[in-house]
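Participant: Residue numbers (full-length UniProt numbering), protein chains in the order written: chain G, 1 to 245; chain S, 1 to 389.
No lab work stands behind these hints, which were simulated from the structure alone.
Certain hints may be false.
[To be verified] Capping the alpha-carbon separation at 27 Å, the derived lysine-lysine pairs in DSS-like fashion look like this:
(1) S/K224 - S/K74
(2) S/K75 - G/K96
(3) S/K184 - S/K302
(4) S/K378 - G/K96
(5) S/K378 - S/K184
(6) S/K75 - S/K224
[Said to hold, decoys possible] Computed footprint of chain S on chain G, listed as stretches where at least three residues anywhere in the stretch have a Cβ under 8 Å from a Cβ of chain S:
(7) 174–185
(8) 215–224
Think of the CB as a built atom: it goes at the ideal place given N, C-alpha and C, for glycine as much as any other residue.
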Amino acid sequence: MDAGSPLGGPATSGIADALKGTLSRGAGKASQEQRRVTLILGGVLLTLGLRRISFGGVALALAGGALLYRELARRSGQAGAETNMAEVARSITIGKSADELHRFWREGGYLPRVMGHFAEITETDMDQAHWTVRVPGGRSLSWDTQVVESRPGELVRWQSLPGADLPNWGEMRLRPAPGDRGTEVTLRLHFQPPGGTLGAAVARALNGLVPSLLVGDALRRFKSLAETGEIPTLDRNPSARASTA
Amino acid sequence: MRALCWEGVNDLRVQTVPDPVIVNPHDVILRITMSTTCGSDLHFIDGYVPSMLPGDVIGHEFMGVVEDVGPEVKKVKKGDRVVVPSFVACGDCWYCQHDLYSLCDNTNPNAELQAPLLGYPTGACFGYTHAFGGYAGSHAQYMRVPHADVGCFQVPEGLRDEQVLFLSDAAPTGYMGADFCDIKPGDIVAVWGCGGVGLMAQQSAFLLGAERVIAIDRFPERLKMARDHIGSETINYVETPDVLAVLHEMTGGRGPDACIDAVGMEAYGTGPGYLYDKAKQTLRLVTDRGQALRQAIMAVRKGGTLSILGVYGVMDKFPIGVLMNKGVTVRTAQQHGQHYLPRLLEHAVKGELDPSYLATHRFSLEDGPRAYAMFKNKEDGIVRAVFTP
Ligand SMILES: [Zn+2]
Ligand SMILES: [Zn+2]
């Protein structure tokens, strides 16, 4: 890939700059080498992931962000301070009724496919799910979510339970689109980074980049699945590359 | 299987790659019987468009026989001989349902990565860049075709492969370009470019009722094709110092009612504007050479139609004021092939459309790199190189 590639331009360097700021400030305060390494690893994963054109790359970026976040969260626990919210919301229009879309979302098996580009989801019952994001190097981050509100044709809202590696909550809102256009769907995700300057930097990074790709992809996957019964994929796409990671 | 792969700028190689398999329920696997080069392939071969990856299988104009069908495929059957448009369309989204198939919402696996380039993502194209989906292309023995019930059109009995092959890309693109012109009795249509798409646009303009068609190119053998196979009048812009003046006189001072640009960023001009564009392009500042398009904008009559089929990236020195002051209607798109294929097959069966003369040169797939070198340099009067994998 080169500077002309879709992700090679200002978007990536913006993130990279945000991270550099985070990392340099972090290094000044950090006392333990291991934490510094975790921070850098997280940053590298995040940047790497964003430079790669693949859903695997998005997962990588998310994992990087999460690692970075977790380390910063631990540190802020020591400092104790104000909290920052990172939030991303994106909308898409889907050519199905709001009731149908609500039913799909709540149907067993739908969520794991919609979020399959970055997380492995096991639905433990209708309202609870276990999320796992793999991190290169054999590690993984996980959390459980609980549906806290569900109104047919209107919304579904969930939040992570205590003990989550990356505390978060989210909602999907539905409203009718004009004419024959179906339903406008808004997916909103909240992350709760730690307080302090570091937290603010992470919040900025989380705000612009990873979640936006993550949420955008999730919405497109939801739309394609709802409209066509399948999600477009390059799985097992023939090429002369050794693997199609 | 064997496949022709992009390995870098001006570096194509035939490689052994994994066979495609059914991945999604509406997929079929096609055994490719014919596949052809397209001018837009030269954009990534020359490195002017981003997001190719080494190892990508290229090719997007093709036909074949169905080898395997996914569990949800309803109409297409194993053994069907089919032609397939180069853009993948789902048939279910708002765009597909409004016959805007190349704008499909549900076929581009890299939609989120393409969106920043265009504002909103388009459908995917086979064998093209990753921004356009990254699906493996047709210069191969086998190919996976998603949404087969929407994209696969059964070939009627009695038509030979080379009569049908170009209905995959060149013919629907050219036909759509002529359809955009909303041709009325008495209309004169001028077409820049006598490659596959340009020739198909000229023939389509006549099929849709044009009184006269004027073709502009620089290759004598292509201009001869336009005269002999289609009945176009021709202008060789290398020999003609002032194309605009000639068009002015040929149309009684009115100008063509519609102008079709079937050249795109390959456009090869002669004046200082060309040198400016070429210098910038060579320096990888990648604003497109746009001579043909600028000329078409000047040539078209007041209130006429400009139909753009050439593929462009970014162009500066674009005379938007000319369009505005003359009240020109601009229409453009990547081909909505699924909308035009039934009509085109009907024309082919009636003998009104036979693009087989575009197949000037045949190659085995193993000769792919040599075929593209000839095609790029337009050697030996080549219009299209055809592979029979
Ligand atoms: Zn083409
Ligand atoms: Zn569609």
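Participant: Give a verdict on every hint.
Facilitator: Against the structure, the hints come out as follows:
1. Distance check on the hinted pair: S/K224 and S/K74 sit about 45 Å apart at the alpha-carbon level, beyond 27 Å; violated.
2. For the given pair, S/K75 sits about 24 Å from G/K96 by alpha-carbon distance, which is consistent with the 27 Å threshold.
3. Pair hint S/K184 plus S/K302 holds up; C-alpha atoms about 15 Å apart against a cutoff of 27 Å.
4. For the suggested pair S/K378 and G/K96, the alpha carbons sit about 49 Å apart, so the restraint of at most 27 Å is broken.
5. A C-alpha spacing of about 35 Å is found between S/K378 and S/K184, which places the hinted pair above 27 Å, so the restraint is violated.
6. Distance check on the hinted pair: S/K75 and S/K224 sit about 42 Å apart at the alpha-carbon level, beyond 27 Å; violated.
7. Requiring three or more residues with a Cβ within less than 8 Å of a Cβ of chain S, the coverage given for the stretch 174–185 of chain G holds, as 3 such residues are present.
8. Judged by the Cβ-Cβ criterion of 8 Å, the stretch 215–224 of chain G is covered by chain S as claimed, because 5 of its residues qualify and three suffice.
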